[in-house]
Amino acid sequence: VRRRFANDIQSELKDRLLRDGLHHAVEKEKLHLVDDPAVEEANFEKDKKFKFVLRVDLAPEFKVPAAKGLKIPKKSPEPVTDADMKSALDRLAEPMAHFHTLPPRPAKEGDYAILDFEGTCGGKKILEIAPQSGQIGEAKKLWVLLKPDAFIPGFVPALYGMNPGETRKVEVQFPADFPHASLQTQKGVYQVTLTELKERHIPDIDDAFCQENYKMPKAELESRIREDLTASRVSAHRSEESRAVTQALLSSTKMDVPEPLLDEERRRLVARLVEENQRRGVSNEELIKHKDDILKTAGQNAEENVKLSFLLRKIAESEGLKVEEQEVVQEIAILAAQSGQDARLFAKRLQKSNVLPSLADTLLRRKTVDFLLQHAVRG
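Counting the sequence shown from 1 gives a position; the working numbering is that position plus 50.
The hints are simulated quantities; they were obtained by calculation from the structure and are not laboratory data. Treat the hints with caution; some may be incorrect.
Straight-line C-alpha distance at most 25 Å; calculated PhoX-like pairs for lysine-lysine [said to hold, decoys possible]: (1) Lys190 / Lys248; (2) Lys364 / Lys113; (3) Lys174 / Lys219; (4) Lys364 / Lys304; (5) Lys398 / Lys372; (6) Lys190 / Lys219; (7) Lys136 / Lys268; (8) Lys113 / Lys158; (9) Lys265 / Lys136; (10) Lys190 / Lys175; (11) Lys417 / Lys124; (12) Lys197 / Lys219; (13) Lys265 / Lys158; (14) Lys190 / Lys174; (15) Lys121 / Lys304; (16) Lys417 / Lys364; (17) Lys372 / Lys417; (18) Lys191 / Lys219; (19) Lys158 / Lys190; (20) Lys158 / Lys191; (21) Lys237 / Lys190; (22) Lys219 / Lys248; (23) Lys174 / Lys237; (24) Lys118 / Lys364.
Just need the whole structure built from these sequences, with the hints factored in.
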């Protein structure tokens, strides 16, 4: 039995001695580890003393700055103006806009033109030269808003003054950065027929419109919009102040950050930046093209984030700030409501995925920043 399980017994004993030795060293020297230790040397021989060397990364030592009296700019949330209200109401009405056909007249800027056209380049059809160009090369009943910068550069201004039913030859110069490489810097010729002119009509925001679409009178809708805009600006103002007070905190502290924590935060930020850009439709080619910028941004933010994490934790300790269990429960309820989920099931999922400690850390961080803002000097 001894021969059969000797290696397993020796390995288990070695691990136990390493754990006990590390625990003793941490307690004796009052060390604050930030990562799992790495075993660099471990001599385990029969009838000899067990010697081992561990490499550990320690939390940085730094002087905790004063949490009260940090200076930040004195600003107030931007007020909601009548122009803001008009823009918000217009945005509500725009999806309900409808189009009607204009009586025969020359086309002008702001009209919606319905066009038939075919383009050529060097005597060949554009669709033959650039098969992926789609409606750049040929189209039937294509709606185009007549604005100087719409569609292909130089195309729309050449349509001004056309009458419905008229056909016109339009020449364009494809720019050097045109999306289809085979057309870049080339001259294009289009035969364009204007079949119809349309005008976009946005409905008036009156009581009838508000009752039909929002089941409330105009005054109530305006009141709710103003409340939402005000809340949004208050939130933006708080974010701006939070950024200012944390920057003031960082600038007043020198700290050497453990490299493993920096590496971990860099990886997290790079992954987040890539995911955010992909959601916005940025291609992998573009991401690779801007790889250095992404890595640079992630590196700068990673150092700030890790430093700030240590600073806020120390300030929370020194000021006796804590997160109570009820606060975590309330936050879970808010998050569950925002995602349309049952609070109990949502909490169980968070617990199962071991997210609750991270949530508590986030709440403590928020509470600490609130404390800094409460005692900041604005001027």
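Worksheet entry | Satisfaction of hint between Lys158 and Lys265, Cα-Cα up to 25 Å | This hinted pair is violated, its Cα atoms lying about 38 Å apart.
Worksheet item: Are the Cα atoms of Lys417 and Lys124 separated by 25 Å or less?
Response: Holds, at roughly 21 Å.
Worksheet item: Taking 25 Å as the top limit, are the C-alpha atoms of Lys364 and Lys304 close enough?
Response: Answer holds: Lys364 to Lys304 is near 14 Å, not above 25 Å.
Practice prompt. Take the C-alpha atoms of Lys158 and Lys190, compute the straight-line distance between them, and say whether it is at most 25 Å.
Written response: holds, 21 Å
Worksheet item: Taken at face value, is the distance from the CA of Lys113 to the CA of Lys364 at most 25 Å?
Response: At roughly 10 Å apart (the allowed maximum being 25 Å), Lys113 and Lys364 satisfy the hint.
Worksheet item: Given the hint that Lys174 pairs with Lys237, does the C-alpha gap stay at or below 25 Å?
Response: holds, 11 Å
Worksheet entry | Given hint Lys219 paired with Lys190 - CA-CA distance at most 25 Å | holds, 16 Å
Practice prompt. Take the C-alpha atoms of Lys113 and Lys158, compute the straight-line distance between them, and say whether it is at most 25 Å.
Written response: Violated - the C-alpha atoms of Lys158 and Lys113 are around 68 Å apart, more than 25 Å.
Worksheet entry | 25 Å Cα cutoff - pair Lys398, Lys372 | Status holds; Cα separation ~23 Å.
Worksheet entry | Hinted pair Lys197 and Lys219, Cα distance within 25 Å | This hinted pair holds, its Cα atoms lying about 18 Å apart.
Fill in: Pairwise hint evaluation, Lys248 against Lys219, where the allowed Cα distance is 25 Å at most
holds, 22 Å
Worksheet entry | Restraint status (C-alpha distance of Lys190 to Lys175 at most 25 Å) | Measuring from Cα to Cα gives roughly 15 Å; hence the hint holds.
Violated hints, listed in ascending order, are 8, 13; each of the other numbered hints is respected by the structure.
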